Amino acid sequence: MLSFLVWFPLGGVLLLGVWPKSMDPKYARSVALGVAIALLVWTIYLAFLFNPGQITMQFGEFVPWITAIGLNYHLALDGLSLPLLVLNSLLTLIAIWSTDPEIERPRFYYALMLLLNSSVAGAFLAQDILLFFLFYELEIIPLYFLIAIWGGARRGYAATKFLLYTAFSGIVLLASFLGIVWLSGASSFAYEPLRAIIVGAADTPSGLSLKLQLILMVGILIGFGIKIPFFPLHTWLPDAHVEASTPVSVLLAGVLLKLGTYGLLRYGVGLLPDAWVYLSPWLAVWAAISALYGTSCAILQQDMKKVVAYASIAHMAFILLAAAASTELSMIAAVCQMVSHGLISGLLFLLVGVVYKKTGSRDMFFLRGLLNPERGLPLIGSMMILGVMASAGIPGMVGFISEFLTFRGSFPIFPVQTLFCMLATGLTAVYFLLMINRVFFGRLPDELDHIPSVQWSDRLPAAVLVALIFLLGIQPSFIVRWSETQIAALIPYHPRPPQITSVYQPDQHLTRNSIDVLAQSISIRAAD
Amino acid sequence: MVSTPQLEPSQHKLADFIHRLEAGKALLQDSPLNVLEVVGILKSYGVVLDAYSNNLIYIANHQFLVFFPFFKYFNGEVNPGKLLKFLWHDRINYEYAEYCMKAMFWHGGGDLDTYLDSSEFLAAIEPVIQAKFKFNPLMLALHRAFPEFLPEQIRQLCYYSALGQFWRVMSDIFIDLSDRYDQGEIQSIPDVVEHILQGLVADANRPITYAVTLKRQVYDLLPPSANLTFLMDTAVPYVEAVFFRGTPFPGTISYNGQAYQIPMFQSDFAYGALYADPLPIGSAGIPPTLLMQDMRHYLPEYLLAVYRQGLRQEEDLKIQICQSFQKSMFCVTTAALQGLAPHPLTTNSIEEQKANRKYLEGWMNRFIPSRLLQVNR
Amino acid sequence: MVRRTGPRPAAYFNILMTILSCIHNTVAFQQVLKQPPQQLMFQWLQVADLNLSFAIEISPVSVGALELVTFISLLSQVYALGYLEKDWSISRFFGLMGFFEGALAGIAISDSLILSYALLEMLTLSTYLLVGFWYAQPLVVRASRDAFLTKRVGDIILLMGIVGLSSYGAGLTFSDLKVWSESIALPPLTEALLGLSLIAGPTGKCAQFPLNLWLDEAMEGPNPAGVMRNSVVVSMGAYVLIKLQPIFSLSPITSTALIMIGSLTAVGASLIAIAQVDIKRTLSHSTSAYLGLVFIAVGLGQVNIALSLLLTHAIAKALLFFSTGSIILSTNGQNITEMGGLWSRMPATTSAFVVGAASLVVILPMGFFRMMQQWLTGGWNMPLWLFVLLLFVNAASVINLTRIFRLVFLGSPQEKTRRAPEVQWLMALPMVTMTIAVLLFPLMPLKWSLWLSPIPSAVVFNQSSIPHAFPMMIAAGVIGFGIGWRMELRRALSRPTQFYLRLMQDLLAYDFYIDRIYEFTVVAVVRLASQFTTWLDQYIVDGLVNWVGKVTLLSGQGLKYGVSGQSQSYLLTIMVGISAILWLLLREDWPTIIDYWSTLWSTVLNQ
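Chains as they are written, first to last, in this note's numbering: chain R, 11 to 538; chain L, -17 to 359; chain U, 108 to 714.
Treat the hints with caution; some may be incorrect.
To be verified - If you anchor each label on the Cβ, the simulated ranges turn out as follows:
1. R:Ile159 - L:Tyr242: 50 to 58 Å
2. R:Glu457 - U:Gln638: 26 to 34 Å
3. L:Phe247 - R:Gln485: 53 to 61 Å
4. R:Gln485 - L:Gly292: 40 to 48 Å
5. L:Arg348 - U:Tyr620: 33 to 41 Å
6. L:Gly292 - R:Ile159: 29 to 37 Å
7. U:Leu123 - L:Tyr242: 35 to 43 Å
8. R:Glu457 - L:Ala(-3): 26 to 34 Å
What the hints assert, rightly or not - To list a few chain L residues with every Cβ distance to chain R over 10 Å, as calculated:
9. Leu15
10. Phe53
11. Ser101
12. Phe117
13. Asp185
14. Met214
What the hints assert, rightly or not - Some residues of chain U that are not near chain L, with every Cβ distance over 12 Å (derived):
15. Pro317
16. Leu608
17. Leu643
18. Asp649
These are calculated hints, taken from the structure and not from any lab test.
Owing to the predicted nature of the structure, the values given are computational and were not obtained by experimental measurement.
Built from N, CA and C at the ideal position, the CB exists for glycine as well.
The shape of chain R in the complex, shown without the other chains:
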């Protein structure tokens, strides 16, 4: 079931690898598209089979691998990974679709795309922390090549920077992972038993003490903090986005950054709960700083792609806020925010890509009046307005509900930090509106009189994303439903008490859920 998601794209890679050179390169595109469509269909099929009510992992697949070091091939799916998997399959298809059909070295390019998809899917599915790490490292290779070969003018610089950062991230993560396993005395790298040891025994000497957890947590935070990225670990991202081609940017923003937040939730919150709770006020402060920092950097950017990239940094920080609060609501909000960010930033990068493809520029002080209905890009502009509004959190679109849940979930725990994050969301409108008004409003300048016409194939992927953004915005329970039950299991079992307690109906609110979770974890322990 799940292995299909990992091995089928690898099969595609192999097929493209052995493809005779004499074949028409456009078949490479068809192969890649075919594989991507099959993957998307399969993922949706899985989503239908998935039972949202079940607390434990589903569709588990277990193959012993290198038992000597406790590494096993173990895949499984839960409510945290499912939405991200769907996002991965969808955005891969969109990225392949919106690749320039005339691209150079198509076989290599599409093979890398599929490899990227496979490794990301593997990382989301891995139930073994070393296996996760392997996929996490594997994903860097295709991405590096995708930036370094098909990127813009300074692609070498950007790709190397990306590589250095993520390499460092990998080393730190590996150190932390190894530390977690050895120090906790686990016999293997398997996730669930590990969690049971640590979480189930916090008050016994055999578990990890708070001090140890804190030390290990630093590695996790830096490792995933680079990937997500948070201030001040973010500087690779704007460069990478600016130099990467449009489909790569879509994947980078839409899916790859999510590996970081996924890791933070799964391995930070999940494996080191004491340290997480201990640090969480500072994490929330970090989230607020990162959000405000990304926002205020975005305001002065001149390159459209950089604006979207910094916006991405700001919006990813909300996930940290939600995770820091770790209430049931905020954890679900974190998942929603990941999906919403994936769709919205994917859309924005796609549209900026079309603008760049047609006008040859992303300079906000050069582009103007692109809404011109006859010679501009009116439909692209309209979708851009929608995308921007979704990002700014206008209700009716998915951005609003995920941000609202994030803030509502985090406010009782960290009111001040939440308010600062809300300030950042308010400022989102500032830089995006500046962008829209500069680029799309006004009179089309004479220099932009010769923009080639936009094909439907350019608009289709963006239109699909717009439709999804609206659909999930109006009916957010589609995401919430998948994750609700299982996310609760990740919550540290003695979360921070809310700073705000409801005076009205004190017996019913907020605390109740934590009590439920506590009761749940106690019963799990009893069962063990």
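Chain R is fixed; fit chains L and U onto it per the hints.
Coordinates of chains L and U only, in the frame set by chain R:
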């Protein structure tokens, strides 16, 4: 043979164009493509003007002081099929004709404008009002309370009729031009200008009159005795109001009173067809879009073929039409300049040349902010 | 298809739909009057402990508001068909109007704060798009941006309030909020902050100080949308305010803030309005002033007065803006100093203006006259200063409207008003309909007392009622009329010669330079912050990282960023190899390493 004294070259900013006109050429450069574009667009313009003109005259004659003219664009022929097409917006945008009429009415100029303020006119319309609203005491009371209301409406109807009559002539000139082009008689831009000039001259003194029939009684509103003529009382004010002054497009100019973007004096207006920027055509708040849309239905095949060679083929048709249209309007303006010049522009007499030079430099001052340079690029 | 035909079917369709909803509302209103209010709940999202449901209230007030929205919307759409007949983007306009109307109608019947918030945000968005309708025009670009951002400031603070309320356990329907506000005891500061944050949203929507400038700029948009904006849109902001009144009664600070904001705006905007030369702008500032009165009424807890004020103002202002539109269309300008003498040519426009103006002021027994009578003789106590303020606002409003009327309609025609026939039926018909509606309005039976249950304000003024309050109000109106009638009119290009007069006039004409104040405060802070972070990002954060990278990792090999080829494949090899090498190497020594680390850790920890 004694060499005649030569006129010094002009020092004007647009001296090139002055010399060009003095040499008997047009404001628009002569090239086969330009001829094709100008003739082709004037052909479709002629067809559209024909419809506009018929409708304006129909409204003036048959919708006289009708306050709910639901079917004013139907030219008297109301049936379900036509109504459906109308609702589906499958029709000529007559709003543009009214827009031109209002611009002309608002800017005024010529004897027609003066006549509408004269006591003869006021005396002539009073019986019409009384006859029209004989059994409508409400309207008569309103007329008494707001004495300028109905006269102003009738003045506007006079302009409906006058512009309709003007466009009747122009439409015929343009269709004729196209026919002659098809027969190979028109080879160059000066030929086009010459054709238009001859057309204008031929009808220069054609009288402009307007009478309505109420209950079988004919009321002269613009009687022949007012001596209103085609060239001086409709063509010249029309060129002034529509080609030069126009009205500010809300899509590009702010109406904000405190921003002072719109000049205080009508004579300072420069929003007409010769000044308008074609690029925003098709956007919001650009009225000429309606005209371009109407013309696209009647483009001759050879012109469409040219447009299809463009980067966006038919996607930016309205802008391409507008660009050609602006070219053609400079040809019409050339004809008007030639016709109104104190002496033939190609004269050999130095005195006449001097007078012409003065006349042309005066006009060229107004062309400085126009699209003259762009259409010749 | 549309390429060959045109965009008008969209407009016709929209109007048809609005007619249907108008009829439906009228029928519904008759039914609702006979029944007690009902609440319909739609569960939207249930997640964890949060239950978001959309509640809809069906009561005379909500259906009445709905009717007002659809009625004014219908009239302005028909009006727009004439006003924008030359506009090829008419379908976009009507689409946006439909969206606008939908959001307004939703707010009218919404009984849930979260739903109202969502709809207010949609109003913000559609205001942005409607003001930005003529997006190629430079001032429009600025105006739409400012309209969105100003409202957005209010909205975000409102959202903070909602998140806070919800976190304090309040259910997010208005009826829950009322129950909650009666039973809760929060620290006073929290109560005040909650109340203030909830005020912020309506402050932006109703163009109250300090978020008032957008309405002035929004006048760049097409007039039919301006009709909606100055009548129903601002009203809907205040409508939400009225619904939130129970929360404001929690804290005297909130109520005082409402009264202060309202008073400041009422006085300031009245003065600004008198100095404007643009017909739409002067009326839009007057809108702010009247909404200021609504804020005062809500602050005093006089919900029924606030609602009547809104309703009276909405229809009168809509009428004034209908009239304005036809003036603009026939004179190709908005500068009232360039106009004059229109009255005898444009009967519908003139009477619309006169009727609209008369029902906005307290002189003749029309709209506001009746309303004020109710307010001043209804047993409500108000402090003397507030009464003086009301007198002032009335007088100033009369002065301004008289001034506009004289400049536009009286005097001799100027160049631009010389040829001004009355507008066509598509515009005249809604205008005349509205004129009749405004004239008949005072006859409408409004049983607020039956429909509303006012909550006592947190601010109590211990003052006996002012004697002869109402006659004094009429006197203020008459004096205002006298001043407006006699005052020297400024025609185009003439400026007062006295220095102080000029200074004063500029101060008012440019809205007390509030935009400059923004410029040097909020905007400056944001700009400085972003300049600082951008600098930090470029030179410190990125620079430092690059420097560390170069020194530690690459200096030995003398490699630099951007050198392609060997260096990168080398790095990549490291990367690919890392994991493989690690476990290959460690496979043998696994137990040793574990022992080593665990002993190390235990010694560290034991110390």
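Each hint tested on the structure:
no.: 1; hint: R:Ile159 - L:Tyr242: 50 to 58 Å; verdict: holds, 56 Å
no.: 2; hint: R:Glu457 - U:Gln638: 26 to 34 Å; verdict: holds, 29 Å
no.: 3; hint: L:Phe247 - R:Gln485: 53 to 61 Å; verdict: holds, 59 Å
no.: 4; hint: R:Gln485 - L:Gly292: 40 to 48 Å; verdict: holds, 44 Å
no.: 5; hint: L:Arg348 - U:Tyr620: 33 to 41 Å; verdict: holds, 39 Å
no.: 6; hint: L:Gly292 - R:Ile159: 29 to 37 Å; verdict: holds, 36 Å
no.: 7; hint: U:Leu123 - L:Tyr242: 35 to 43 Å; verdict: holds, 41 Å
no.: 8; hint: R:Glu457 - L:Ala(-3): 26 to 34 Å; verdict: holds, 29 Å
no.: 9; hint: Leu15; verdict: holds, 18 Å
no.: 10; hint: Phe53; verdict: holds, 31 Å
no.: 11; hint: Ser101; verdict: holds, 48 Å
no.: 12; hint: Phe117; verdict: holds, 50 Å
no.: 13; hint: Asp185; verdict: holds, 36 Å
no.: 14; hint: Met214; verdict: holds, 37 Å
no.: 15; hint: Pro317; verdict: holds, 21 Å
no.: 16; hint: Leu608; verdict: holds, 18 Å
no.: 17; hint: Leu643; verdict: holds, 39 Å
no.: 18; hint: Asp649; verdict: holds, 40 Å
Taken one by one, the earlier hints all hold for this structure without exception.
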